[in-house]
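First to last, the sequence lines map onto chains E and Y. Taken in order, the first sequence gives residues 1 to 573; the numbers are from the numbering used here. Taken in order, the second sequence gives residues 574 to 809; the numbers are from the numbering used here.
Honestly, the hints are just simulated from the structure, not real lab data. All values derive from a computational prediction rather than experimental measurement. The beta-carbon is built from N, C-alpha and C at its ideal position, and this holds for glycine as well. Incorrect hints may appear among the rest.
[As the list claims (entries may be wrong)] One-sided excerpt, in silico: chain E residues whose CB lies under 7 Å from chain Y:
(1) D56
(2) G59
(3) E140
(4) N142
(5) A145
(6) E147
(7) L351
(8) F355
(9) S502
(10) C506
(11) D538
(12) T542
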Amino acid sequence: MSNFDLSPLQEQLQSMQTQGRSALLPALHAAQEIYGYIPEAVAQEIGRSLGVPLADVHGVIEFYSLFYSAPPGQAVVHICTDIACALRGSEQVLETVCRHLGIREGGTSADGAFTVQRAPCLGLCEHAPAALVGKSAAGEINSHAVEDLLAGKLPAPRAIVGGTQRRLTKNCGKGRPTTLAEYLEGGGYAGLRRALSLSPGAVIDAVKDSGLVGRGGAAFPTGVKWEGAAQAPGEPKYVVCNADESEPGTFKDRVLMEDDPHLTLEGMIIAGYAIGAPKGYIYVRGEYLQSYKTLGDAVAEAEAAGYLGKNILGSGFDFEIELRLGAGAYICGEETALFESIEGKRGFPRLKPPFPTTSGLFGKPTVINNVETLCNIPFILAEGPEAFRRAGTEKSPGTKLFCLSGDVKSPGVYEVPFGVSLRYLLDDLAGGMRSGSPLQTVLVGGAAGAFATPDQLDVEMSFEGLKSAGLPLGSGVVLAIDQTHDLRQVLLNLARFFAHESCGKCYPCQLGTQRQFEILGRVAAGEAQSEDVARLSDVGWTMGDASICGLGQTAATATLSAIRLWPEMFGAS
Amino acid sequence: MESTTNNEITLTIDGRAVTVPAGTTILQAAREAGIEIPVICYHEATTSNGLCRTCVVEVEGARVLAASCVAQAAQNMVVHTRSERVLRSRRTILEMLSSAVDLSEAPEIQQMIEDYGADTQRFPAAQKREFALLDDNPMYVRDYSKCVLCWRCVQVCAEDAQYTYALSYNGRGFNTMISTFFNEPLPATTCVFCGQCVGVCPTNALKPRREWLLEQGKTPEEIIALTPKERRRRPQ
Numbered sequence: 001m002s003n004f005d006l007s008p009l010q011e012q013l014q015s016m017q018t019q020g021r022s023a024l025l026p027a028l029h030a031a032q033e034i035y036g037y038i039p040e041a042v043a044q045e046i047g048r049s050l051g052v053p054l055a056d057v058h059g060v061i062e063f064y065s066l067f068y069s070a071p072p073g074q075a076v077v078h079i080c081t082d083i084a085c086a087l088r089g090s091e092q093v094l095e096t097v098c099r100h101l102g103i104r105e106g107g108t109s110a111d112g113a114f115t116v117q118r119a120p121c122l123g124l125c126e127h128a129p130a131a132l133v134g135k136s137a138a139g140e141i142n143s144h145a146v147e148d149l150l151a152g153k154l155p156a157p158r159a160i161v162g163g164t165q166r167r168l169t170k171n172c173g174k175g176r177p178t179t180l181a182e183y184l185e186g187g188g189y190a191g192l193r194r195a196l197s198l199s200p201g202a203v204i205d206a207v208k209d210s211g212l213v214g215r216g217g218a219a220f221p222t223g224v225k226w227e228g229a230a231q232a233p234g235e236p237k238y239v240v241c242n243a244d245e246s247e248p249g250t251f252k253d254r255v256l257m258e259d260d261p262h263l264t265l266e267g268m269i270i271a272g273y274a275i276g277a278p279k280g281y282i283y284v285r286g287e288y289l290q291s292y293k294t295l296g297d298a299v300a301e302a303e304a305a306g307y308l309g310k311n312i313l314g315s316g317f318d319f320e321i322e323l324r325l326g327a328g329a330y331i332c333g334e335e336t337a338l339f340e341s342i343e344g345k346r347g348f349p350r351l352k353p354p355f356p357t358t359s360g361l362f363g364k365p366t367v368i369n370n371v372e373t374l375c376n377i378p379f380i381l382a383e384g385p386e387a388f389r390r391a392g393t394e395k396s397p398g399t400k401l402f403c404l405s406g407d408v409k410s411p412g413v414y415e416v417p418f419g420v421s422l423r424y425l426l427d428d429l430a431g432g433m434r435s436g437s438p439l440q441t442v443l444v445g446g447a448a449g450a451f452a453t454p455d456q457l458d459v460e461m462s463f464e465g466l467k468s469a470g471l472p473l474g475s476g477v478v479l480a481i482d483q484t485h486d487l488r489q490v491l492l493n494l495a496r497f498f499a500h501e502s503c504g505k506c507y508p509c510q511l512g513t514q515r516q517f518e519i520l521g522r523v524a525a526g527e528a529q530s531e532d533v534a535r536l537s538d539v540g541w542t543m544g545d546a547s548i549c550g551l552g553q554t555a556a557t558a559t560l561s562a563i564r565l566w567p568e569m570f571g572a573s
Numbered sequence: 574m575e576s577t578t579n580n581e582i583t584l585t586i587d588g589r590a591v592t593v594p595a596g597t598t599i600l601q602a603a604r605e606a607g608i609e610i611p612v613i614c615y616h617e618a619t620t621s622n623g624l625c626r627t628c629v630v631e632v633e634g635a636r637v638l639a640a641s642c643v644a645q646a647a648q649n650m651v652v653h654t655r656s657e658r659v660l661r662s663r664r665t666i667l668e669m670l671s672s673a674v675d676l677s678e679a680p681e682i683q684q685m686i687e688d689y690g691a692d693t694q695r696f697p698a699a700q701k702r703e704f705a706l707l708d709d710n711p712m713y714v715r716d717y718s719k720c721v722l723c724w725r726c727v728q729v730c731a732e733d734a735q736y737t738y739a740l741s742y743n744g745r746g747f748n749t750m751i752s753t754f755f756n757e758p759l760p761a762t763t764c765v766f767c768g769q770c771v772g773v774c775p776t777n778a779l780k781p782r783r784e785w786l787l788e789q790g791k792t793p794e795e796i797i798a799l800t801p802k803e804r805r806r807r808p809q
């Protein structure tokens, strides 16, 4: 039934067959690379070859935004229209690009060269407005440079890194990846050497003593997590690095992966040794193609130098790392949805319990840590937990990477010890407001975060400091919004993100993100109904209280925070 | 939480002490105590996924509500099945559901809407999930405007019963819908027309074709005349 030459695909499928269904996403990526999309006959071949029911292959293609079952243009232009880019005029960019090509959003140009799509946050917030043209990222796009953008002539954005204590970012900001030689020169893999000289239990103790808590948003004590997986029955165990950074306004993990990939690898290898895992996976979001490539190169470098593979540094410990590329689904940053995705399924979050430490990837005990969390590990082992605690506060030890974006003069990733003030981040590091317009509010923690008002700028940026101010640390987002912006548009923007990214598994989030988006559409248009605040509150509380996972539970925190702060904003105008 | 040595646990549901074997769900424990908790996606014969969240209950000390169809009862647990938080979530879920889906042939859900005082008009100008009815085989029709995404049909088609794997999903989020491989008509899929999906559908989104034709005003004679070949042919 097919006019497609399936042989190049079949060649690749051969090497994937042993992995079965787990190779489904890699196989779909490979197919799309060959055919430009995933035709029915190709999907059929993949299902047959990997032993996946055809309906399930279809369900997976349908779930991920970056898989196409109908042919798009030769290059897909993803224009980020999420919050950081929206503040810098991305809607206008989208409009201009579409007009230039004579198409509508989502359409393909007459010559078949380009398809233009609205994209969720691309993690290039310090270069807003940003886009992905084919496989190339571009930043600081303005409406006058559309031709250059489409021709791929805009320079690749480079990380902007600053801060007062550069522990994790000491090798970042060069505008290229740190090589293994450079990494070693700066003391790299000393943490791994030290770890391998200790017992696994002693490594876990060091991490526990450091007081390190996860940087992905949930703030769970890392050492306790490792101990749980180490003690859980079941073999093999796995280490998974969550590199699916997709929270709007977040770009710190991208910087760590692109500029100093070995730091993540070293953290993972130490974790593998500590819990007795022979294998680790890094799940990189589908839009982070540069991170994926850089990490892949670093894995090869590390293997060649004996830091990965059999008998690492003569210790007798074996560990390998496999990279996985996501395909456009924010929900896959939720740890159990990420496991499902590696296993070749739709990214539906699982019910908990069981927790990943006892039943994670492939049902085995698993440690899953965020990139930034893992990047703290080498320091803890090399310098010791005491040295680690010298930065930060008693309850929030260490340094933190904050993602400054929005209307500040110098957006970027800033590494500081926990405990500095919000004012310090905004004024001293990010240079204050960009234009003459004063600060209106700060979105703290991400799209799933909350708003801080200008009179809260002295809040201490630590878990305990933020908690007492009613603000979440989230993934370290600090997004400044000046008074030229209509906050109702900001809320609508956040709501659109969640409606687009809800997986649809549980009713509160599946229905609630859509209803929230619709009502906020009315509010932003100045057509709010008198009952809309009550509706938003019921929807928000229901999502927060009854959803399965963290996405639904936080999909209305920003809205509810705005209702508390500015109830008048929700009236008709 | 620890269970007692004889593998029985005692918990409190709505002020009543209930003793059940360890591993019992809160929903089951409540039923044994004569306390009814509403469910939409739950079905004895299918794997519980905690999708609809109408069965949520408040467990003292827990941060969020628990789906009682999957949450296990634990020793000394204190559960409230009709607290303010529970009622707010249930009512809102029912209101949102009725704003999205045609529930006209789902009497159990309609009863729930009445029981919880849910306002079916709560969300004006809300987008509905509307689809053309699919009449692509001689056995049953699919009217996904009535589908509440309970997943039962997908599950009985797969590991819960038939191992046929004819069904999956289109889209995601609000725009999720049950589908076949590339939306092929059912006879072109692995479907064996066992009818189990029709049997577990709670809203009549899946309906025997004959029943549907009768509703369309066709007489039994007309129905036979309409589809003689199809009725005699065994699907591949």
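Consistency of the hints with the structure:
{"no.": "1", "hint": "D56", "verdict": "holds (5 Å)"}
{"no.": "2", "hint": "G59", "verdict": "holds (3 Å)"}
{"no.": "3", "hint": "E140", "verdict": "violated (31 Å)"}
{"no.": "4", "hint": "N142", "verdict": "violated (32 Å)"}
{"no.": "5", "hint": "A145", "verdict": "violated (33 Å)"}
{"no.": "6", "hint": "E147", "verdict": "violated (34 Å)"}
{"no.": "7", "hint": "L351", "verdict": "holds (5 Å)"}
{"no.": "8", "hint": "F355", "verdict": "violated (14 Å)"}
{"no.": "9", "hint": "S502", "verdict": "holds (4 Å)"}
{"no.": "10", "hint": "C506", "verdict": "holds (5 Å)"}
{"no.": "11", "hint": "D538", "verdict": "holds (5 Å)"}
{"no.": "12", "hint": "T542", "verdict": "holds (4 Å)"}
Going through the hint list in order, the structure does not satisfy hints 3, 4, 5, 6, 8.
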